[in-house]
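Peer 1: Since the structure of chain Z is already known, use the hints to place chain A on it.
Protein chains in written order, with the working numbering: chain Z, 1 to 296; chain A, 297 to 831.
Quick caveat, the hints were computed from the structure, so don't treat them as lab data. Where a beta carbon is used, it is the ideal one built from N, C-alpha and C, also for glycine. Wrong hints could be hidden among the right ones.
As the list claims (entries may be wrong) - Short derived list, chain A residues pointing at chain Z, Cβ under 8 Å: (1) ILE332; (2) ALA338; (3) TRP339; (4) PHE341; (5) MET400; (6) TYR550; (7) LEU610.
Unchecked claim - Residues of chain Z clear of chain A, computed beta-carbon distances all greater than 12 Å: (8) LYS66; (9) GLU71; (10) GLU76; (11) GLY85; (12) GLU184; (13) GLN253; (14) PHE270.
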Amino acid sequence: MKSNLLKNNGLFFLLCFFIWTQVIYLQHGSYRYFGVPLPSELKNMNIASEFNQKNVVAKAISELYKSLKDEKRPVERGNIFQNMGVSYYDLSQITRNMTFLDSAEAYYKQSIDIIPDNARFYYNLGRLNTERLNHGVAKDCYEKAAHLKPDYILALHNLALLNYFEMRDSREAKKLLLKVLSIEQNAPACNYVLGAIFEEERDYDKAIYHYTNEVTVFYNFIRGKTPIPVTRTTLEYALTHSHLKLVELYSSQQKNRDLARDNLDAYLKFEQAPGAREAAIKLFNKSWAQKYDSGK
Amino acid sequence: MKKRQKAKQQPAVVTEKKTPKNFFTPAVWLKVCIVIQFILLAWQFYPAPSTNGDDAKYFILGTAISELKGYKEIHLPKEPVESQYPIIFPAMLGVMQFFSGTFMLPKILMAGMGVLITLMCFYLGREHFRRLLIPFLFLVATASLMAEFSVILMSEVPYLLLTILALYVYQKSLKAPENKLLFCGAILLSVLPTNCRTVGLAFTGAFILSNIIAKKYRYAVLHFILFVLITIVYKSMTSWDNPYVMQLFQRNSYDPEMGYVTFSEMAGRVLANIKKYTFLIVGKSIVPQPDTAAVFWQGTISSACAFCILVGGLRLFFTPLRIVTIYLFFYFGIMFMWQEQWSSERFLVGIIPFLLIAFLYGLDLILRLFPVGNETILKKFVALIRSPEPAEPKKAAVRAVWIAACIIILLNVRYQFNTAAGKMKQSPDWRNFNSCADWVRLNTPRDAVVMSRKAELFYLRAKRKGLTYPFTHDIDKVIDVMKKEKVKYIVFDNFFWTATTARYLYPVIKSYPDQFNVVYAVKNPDFYVLEFKGR
Chain Z
1 MKSNLLKNNG
11 LFFLLCFFIW
21 TQVIYLQHGS
31 YRYFGVPLPS
41 ELKNMNIASE
51 FNQKNVVAKA
61 ISELYKSLKD
71 EKRPVERGNI
81 FQNMGVSYYD
91 LSQITRNMTF
101 LDSAEAYYKQ
111 SIDIIPDNAR
121 FYYNLGRLNT
131 ERLNHGVAKD
141 CYEKAAHLKP
151 DYILALHNLA
161 LLNYFEMRDS
171 REAKKLLLKV
181 LSIEQNAPAC
191 NYVLGAIFEE
201 ERDYDKAIYH
211 YTNEVTVFYN
221 FIRGKTPIPV
231 TRTTLEYALT
241 HSHLKLVELY
251 SSQQKNRDLA
261 RDNLDAYLKF
271 EQAPGAREAA
281 IKLFNKSWAQ
291 KYDSGK
Chain A
297 MKKRQKAKQQ
307 PAVVTEKKTP
317 KNFFTPAVWL
327 KVCIVIQFIL
337 LAWQFYPAPS
347 TNGDDAKYFI
357 LGTAISELKG
367 YKEIHLPKEP
377 VESQYPIIFP
387 AMLGVMQFFS
397 GTFMLPKILM
407 AGMGVLITLM
417 CFYLGREHFR
427 RLLIPFLFLV
437 ATASLMAEFS
447 VILMSEVPYL
457 LLTILALYVY
467 QKSLKAPENK
477 LLFCGAILLS
487 VLPTNCRTVG
497 LAFTGAFILS
507 NIIAKKYRYA
517 VLHFILFVLI
527 TIVYKSMTSW
537 DNPYVMQLFQ
547 RNSYDPEMGY
557 VTFSEMAGRV
567 LANIKKYTFL
577 IVGKSIVPQP
587 DTAAVFWQGT
597 ISSACAFCIL
607 VGGLRLFFTP
617 LRIVTIYLFF
627 YFGIMFMWQE
637 QWSSERFLVG
647 IIPFLLIAFL
657 YGLDLILRLF
667 PVGNETILKK
677 FVALIRSPEP
687 AEPKKAAVRA
697 VWIAACIIIL
707 LNVRYQFNTA
717 AGKMKQSPDW
727 RNFNSCADWV
737 RLNTPRDAVV
747 MSRKAELFYL
757 RAKRKGLTYP
767 FTHDIDKVID
777 VMKKEKVKYI
787 VFDNFFWTAT
797 TARYLYPVIK
807 SYPDQFNVVY
817 AVKNPDFYVL
827 EFKGR
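Just chain Z, same shape as in the assembly (with noise of 0.2 Å):
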């Protein structure tokens, strides 16, 4: 047998192959392949912190460039020029270098150049104009992509925004506001300027309607189901300005007590600045002959 083992080649191939099989189970059988995940290093879960960080856009246009190189296709350098403009903007918003926002209105225009009839590519530049206190351009911009895509739901809110703070133009702001909300009702910051509109408009039920939107938005947002890129200090800001209003109308024109004081309350708990908490404390003290008091 011995002899067999040591002059036929394809047992001896065999007895190693055994002896070696054992050899790999001693020594990888304990592996396991699956493990649990390491613990999540964000607190707070937010893409806008996560990705506009200079070395994340810097490697991005660094690929970019790469791309560009390579492509002959004029479609695709049209979406890589593009690609390069948001990323330049990104890097200008994170450096607060504007500069950058030169780069990126060049990259923009040749995208546009190639493909013109893209809604995005108009919403960036209307954005980069917004940025750069061009209302005028901006609202041209903002009105071709809505042009291109009459449900695009971010222009829709800009042009509205650009409308109401900059134009001045309520009435226009109102027709975007509230096509933009028959689209998305989770809409950030729409309520609150529709608030403030009807309340100039004196029509304070539908104020007060929409100022309890923007609250409900805010809590949306916090769940998760915002669908409109906005920081959390805009949403923090309509959100807070919406409680003061409620405060506001419920003590001057719906006379509810209980209401005024839980949007006092809730206004608190956002606003630290002390004179901000000081002044919304003296209004409501102003209209109620029960003073506030926070242990109640």
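Peer 2: The following block gives chain A in isolation, referenced to the frame of chain Z:
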């Protein structure tokens, strides 16, 4: 001197009696090779799937077969029928997975196949190139490229084993033409390589052509008929699509919209590949070198190896192993037409023993040319090429071949020892990728579809179907694919070896930030799992 004279005077019968006393017969050297190869493979063995993604896909196809789901890509959302990879290797894996669902058993059997190749090389070489057999066996047993592929689940090693087995049985059958069993075996085995790897078409071509040249028409005709029959049956049962043929003519398979190559582009590709294989890849396949090695030395070593292989290949043409020369010719023909981005040592695994024997044949011939003497070098070259095994080999040439073989063997062994340690280690990027997969497995619905850079590996670990994002800069197209495939999560990676995610996926996220939420993140390098809202 006297002893030598005595030995020469001794009658032949006495010599025959003395021969069995020589302990170091080729069979003993074979056993030494087998032991060495097993030791080297044990040193490099690791139980996890490799990170190239292809072995994960083979394993998934094997799983589909073992679970009787058919030959399908079950990791993709719509589970399409697999039309790219031939079925033999996944079928082997499917059978193994009946017994064990882990990677260990298939990987152990792969290593066994790797050593079987050495054994089969012995049987094939014993018949045809006795004199170079021992250095050849050592070169095969220690070839680092083959070892690398013997511890991962890729079809190269089974393909190579089937090729050598087919050649061995074919040669046996040629020697015993009356043996019908050997004839049938030779025909049956000869169609297996093509059904293991599509590049096996080179073997089919070589088998048919060499038999036509040798006027063995029945081999050529029967092989062709069986090949066509199997192809028709297999394609009818799976799909008539042939992505490999398409890929051969595509400009860039990662971006199919770039279209197909023109004749001049193909000529350019062939020239570029010839340059790449001659001055880099062939050398690295035989004499492993780190990527950091000087370009000059890489080029010099590689071109010298390529020259020896060319000469050896020519020399083999005049031996009974003519089929090997034709096979190498067709094989390189396909390699040279292949997309340049994929040209690598990997594609030479399937022919590494043939390259090694051609290399040895070539080196032996070149060394025999010197000293040139009265003849012209060309005349001597032609004479040597036509008589590959001279009765009295030059000792100096034999020694030089042995020295060259020993150096290559030592370099291969050293390379294997040096690289083995790194295989078990998980680099930080893969650690974080796996962590994302673990998180998805434990925190998402079972039917969630995940888009990631390595969908097959992600499927194995996360047990969630998925796909790789399209390589396009058209953001809306990417979003459309996500919506169409009902993608629920995407993995934003920062792999060290590729930056396609930064190139193609980053602009998508930045252009539609409202569509994504970060749900899991690990740092250094930063990997994120993002939820896609798909509105």
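Peer 1: Hint by hint, say whether it matches the structure.
Peer 2: Hints, one by one, checked against the model:
no., hint, verdict
1, ILE332, "violated, 11 Å"
2, ALA338, "holds, 6 Å"
3, TRP339, "violated, 10 Å"
4, PHE341, "holds, 6 Å"
5, MET400, "holds, 7 Å"
6, TYR550, "violated, 11 Å"
7, LEU610, "violated, 31 Å"
8, LYS66, "violated, 7 Å"
9, GLU71, "violated, 8 Å"
10, GLU76, "violated, 6 Å"
11, GLY85, "violated, 10 Å"
12, GLU184, "violated, 8 Å"
13, GLN253, "holds, 35 Å"
14, PHE270, "holds, 22 Å"
The earlier numbered hints that this structure contradicts are 1, 3, 6, 7, 8, 9, 10, 11 and 12.
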